[in-house]
Every structure is written in structure tokens, then in C-alpha cells.
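S.K.: Here is what each chain is made of, one letter per residue.
2 protein chains.
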Amino acid sequence: MWVLRPWTRFALLVMAHMLAMGLGAVVLQALEGPPALQLQAKLQAELAAFQAEFGACLPHGALEELLGTALRAQAHGVSSLGNSSEASNWDLSSALLFTVSILTTTGYGHMAPLSAGGKAFCVVYAALGLPASLALVAALRHCLLPVLSRPGAWVASRWQLAPAQAALLQAAGLGLLVAGIFVLLPALVLWGLQDDRSLLEAVYFCFSSLSTIGLADLLPGSGQGLHPVIYQLGHFALLGYLLLGLLAMLLAVEAFTELPQVCAVVKFFGVSTPETAEDQDGIVSQDELALNNLPPATPASEQAPACGQVSGDCM
Amino acid sequence: MWVLRPWTRFALLVMAHMLAMGLGAVVLQALEGPPALQLQAKLQAELAAFQAEFGACLPHGALEELLGTALRAQAHGVSSLGNSSEASNWDLSSALLFTVSILTTTGYGHMAPLSAGGKAFCVVYAALGLPASLALVAALRHCLLPVLSRPGAWVASRWQLAPAQAALLQAAGLGLLVAGIFVLLPALVLWGLQDDRSLLEAVYFCFSSLSTIGLADLLPGSGQGLHPVIYQLGHFALLGYLLLGLLAMLLAVEAFTELPQVCAVVKFFGVSTPETAEDQDGIVSQDELALNNLPPATPASEQAPACGQVSGDCM
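Protein chains in written order, with our numbering: chain L, 119 to 433; chain A, 119 to 433.
Since the hints were made in silico from the structure, they are not lab data. Treat the hints with care, since some could be wrong.
Each pair of labels, with its calculated beta carbon distance range [to be verified]:
(1) K160/A with Q169/L: 18 to 28 Å
(2) W309/L with G173/A: 37 to 47 Å
(3) S197/L with D209/A: 26 to 36 Å
(4) G186/L with V307/A: 18 to 28 Å
(5) T126/A with P346/L: 37 to 47 Å
(6) E164/L with S316/A: 27 to 37 Å
(7) V132/A with H178/L: 55 to 65 Å
(8) L130/A with A159/L: 52 to 62 Å
(9) S316/A with Q169/L: 31 to 41 Å
From a predicted model like this one, the values you see are computed outputs, not experimental measurements. Every residue gets a Cβ at the ideal spot worked out from N, C-alpha and C, and that includes glycine.
Required output: the full structure, derived from the provided sequences and hints.
M.R.: If you want it as C-alpha cells, here you go:
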């Protein structure tokens, strides 16, 4: 074990994250800079060609004004293309998808409230709904953890594995199952249904939905002039996928955070004071307040009891 | 206490959530349906007027084609308006904002990768980076919880409050502090800096960023032709705001999840088996497996020990 002071380890972890963010930015810049510039150049060439060809009969700035209006409308999800009989923006399935994307913090952004009342409602709705969602998630964890444990216990007893190994196997199995059923399979289905999207793009969309990152650039069905019924069914399918998939993702994450190996890593980086049962309350008594003011004499990993003895969940 | 079976309570909680999602959708539909239709009508009227006035000199479909190209480009964050000397899409500050929005699962969506390599990189980057972020968050919790507890302990000893009351006061105080410093104050600053946005819209943006919902319709500075240096500084300011604000939000949420009152609510709805220390491991031994198969004879709230004795964090 490293003999670094606990705060040094933690600082290293933070700096590693900053570095990872910077490296990711540099890589994406290298990958995406040229294509974006090319698209921009292509777009401007088209604009220039259009102006050159037809500019004579258009008053100065009329085209820019029209483009501006269309682009701003799109930013709020109102499309200027397609026939006018297409489903309204805020039909029930779309509105439901929007509220679910708020409560799950996915936030696709393909639609956004226009009115002040709508914006205010979103803020209040999220401010009240997100804590409630957290409570639901916590209740789900309480309910489903024992159910999750049974396969692991069965495997452990069949193959005489140590609990730690069985836990790792169980978590890995659950992770693969979730990735297969909720990312790969839906991506394959999406890929089959859509002509103009690749499998990678389908995987990208499914993954960004289930991780709650929520990038809507590849939201299926956008701007394709689908039949309204199919459009609505598609929205409901997406809704069901989001809710079930997020639940599955939650369980997989839960299985991993319970792993002793993961707890060990977290404790290695976390600067923890001696973990007594009262200390876990979050309110420290006056005696312990005095105790906390002493600098930690030994590395945190030696002070903390083995993960699982005081609290099964160290994350 | 209700004498309902535990699973009934849990089912009621789930149904309440479904109902809340549906109600939110209906309210938003009522609030947003008309404005969206109005904008759509206005847009189509402008298009029709444009066609009527200048359609004679434009070949059939040329305008739609141009609009389509411009709109699709905007979906990937490439703007067709503004002068060509504006900062490139994927300059370092924008790329950083994108990677941070991925790692924090905020996912604004105002920019999105165009190339297959970029998309693949995003999936892999998120798949590796999100667990690492979770570990960082867990380590942060270990470090910062004792620091958080000290004001509460001081208040508790000064005013002779019971620990539960002091915890509630502390959590409420922290919540108000975070809301004030990280939502209201930045919103006021944004409001002052931007002419065309209201205070509500600034609050809406700040709140959607810190809750990681990430709706980019009101991302400051978009499409305003700002000076490149100001544009980049703005991005870095937004970056700093996101990271600090999310950290503050995390601490506030942590303070609330530690509350005995919240734990009680979660246990009321959660179907929990007897909480022994080994049970918290997530791996259930064969003996306990048999025990788990017995139907819970008493409501879960009577079986579970008081929150804080076994595990301080029940969420």
C-alpha cells in the first residue's frame, strides 16, 4: 500500500479526473474538429451558391431572417419541414417522454418549453420530482437487493467460491446481462428499423439514454415524416425502454457498488475518519468532534473496518 | 402506521410516480401545446410568404433543401448564421464542456459528434469514465461528510437540539445555501449579462444544469456572435460552475439522505428483509437464503433497526 497521506491520494484522484476530462476533450477535438469544419464549409458554400443563384430576386437579409426563424424554432423542437398534418409537438406521448426525461435527469433536449409558465412548471416539477425519484430508487434498492443476491448465493454454494469471488462474478454477470439486453439488443432492433442509421449510432443512442446523458441528435424518428400512429407508438416504446432500462442499469450499478473490491478502491482514495456506528449518522457528538480534529495518524485504509461489516454500501 | 403489506406500499409508491409522470405530461401539454402550435403556424406562414414573394425565381424544392441542410447541421451544433470567423465548434473550451457534460451525465446536446470515430469514442469514454466518476463521488462523500457534520454538531450543542432536529436543520440550511449560491446567484449574474433572457429563463438553465437534466435551449451565448475570447471565457466559466455546482448539489443531497426522517420514509416504502450485518454484504448465505424465503410476517418498518445504527446511509 502506498504510504501517501490520505489527502494526497484523494488529490491525485481529483487530478486524474481533470486530466481525463482534458484528454477526452483533446481527443474529441482531433476527431470532431475536421468533420465539423467540413460541414460548416459545406453549409456556407450551399448558402453562398443559393445567394449567388437567386440572390438577385431576394431582398438583402430576407434569407438570413427566414433561416434564423427556422433555426430558433427548431431549438425548441418546432420543425419547419414536413407536412403540417404531422403529430403536434406536445401530444401526450411526446409530453410524457419529456416529463420522464426530466424525472430521470436524462434531458434529451429535443423539445423544450416555450412559455414562461412551462419553464416555471419544469423547474418546480423537477425540484419536487427529483427527490421523490431518489426516494423511489432507494426503496427499489431495498426491495431488489435480496432478489439480486440469490443467484450469487446459489453459485457460491454450488462452486464453493469465496463470497468476494462470487460477488465479483455476480456483478460481472449482471453487467453483461444488462449491456446485452438493454443496450445491444435494443440497438440491433433500432438498427433494423432505421435505414439511415448505423449500428454504432444505435448503440450510441441507447447508451446515452441509459446513462442519463441524453443526447438527442440520434433520437429515432425525428424528422422522418412518420405516420402519426407509428410516431406515438415509437414514443411509448422509447418510454418503456427508458424506464425499464434505467431500472436495470440501477441494479447493475448497485451490484458493483456492493463489491468488496470496489469498496477497497473507494476507501483507498477517500479520507475517512474512524468509522464508528454513531459517526455514520452524519451528526457528530461533541466528543467525536474533538476526536475529528486530530489529524489522521494512520492511512485511512488501516483505520476503516473491512467493507461490509459496518455498512454494506460504501458508495 | 398503515397495516398494508410491504409490497403494497411499494406498489403504491411506484403507481404514484407513474401518476405524477402522467400528470406532469398533461400539465405541460396544456401549457406548451398552444405556444408550440402558434410558433409552428407562424413559421409556416413565414415560409409561405417567402415562397409567395420570391417563389417565382426559386426552383421547386431548392428552399426546402437549403433549410433541411441548415437544420440538420444545427442538430449537430454547426451554425449556418453568424460570420465565418467565429470560433470553431470544437475549440478546446467547447470540447471540454462536451466531455464534462458527458462525465457528469448532464448531456446538453447543443453539440454532438459527427464522425463514427467520435461517436465510438464517446461511448467508450462514458463507459469507462462514468464508473470512475461514481468512485470519485463516493470518495468525495467519505472526505466531506465529517466536514459537513461540524456545523450541525456546533448548532446541536449550542441550542441543545436533539440530533434528529439538528440534522434536519443542517440539511435544510445546506439546501438553502446551495440553492442560493449555486442557482439563484448565478441566475442573477446570467440575467444581468444577457439582454434577451428573463430571470426565470436563467434560473431554468442553472437548475437544469445542476440537476444534470441538461437542457441546452437556453445555453448562454449561443448564436449571439460573441467575440471569440468572451465566448471561450464564458465556456470556462460554465465549466467551473458545472463542476463546483454539482459538487455542492452532491453535498446537499448527501445531507438529506442521511436524515433519519428520510430514512424512515424510504424504509416505509421499501420491502426490506431483516437487516443483519452479513445481509448488507449483498451475498446471502445459504441459511439466510432459506430465511429470506419466508414471507415477511411483520411490516418492514418494525423489522428494520432504526436508521443510523447499522448503516448511516439508507439510500
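S.K.: Determine for every hint whether it applies to the structure shown.
M.R.: Evaluation of the provided hints:
1. As the Cβ distance of K160/A to Q169/L is approximately 24 Å, the hint placing it in 18 to 28 Å holds.
2. For W309/L and G173/A, the Cβ-Cβ distance of about 39 Å falls inside the hinted range of 37 to 47 Å, so the restraint holds.
3. About 29 Å separates the C-beta atoms of S197/L and D209/A, a value consistent with the hinted range of 26 to 36 Å.
4. At roughly 27 Å, the beta carbons of G186/L and V307/A sit within the given window of 18 to 28 Å.
5. For T126/A paired with P346/L, a C-beta distance near 38 Å keeps the hint of 37 to 47 Å intact.
6. At about 35 Å, the beta-carbon gap between E164/L and S316/A stays in the expected band of 27 to 37 Å.
7. For V132/A and H178/L, the hinted distance range of 55 to 65 Å is satisfied, since their beta carbons lie about 59 Å from each other.
8. Under the hint 52 to 62 Å, the C-beta atoms of L130/A and A159/L, about 58 Å apart, fit the expected range.
9. Between S316/A and Q169/L the beta carbon distance is about 35 Å. The supplied range of 31 to 41 Å therefore holds.
In this structure, every one of the numbered hints holds.
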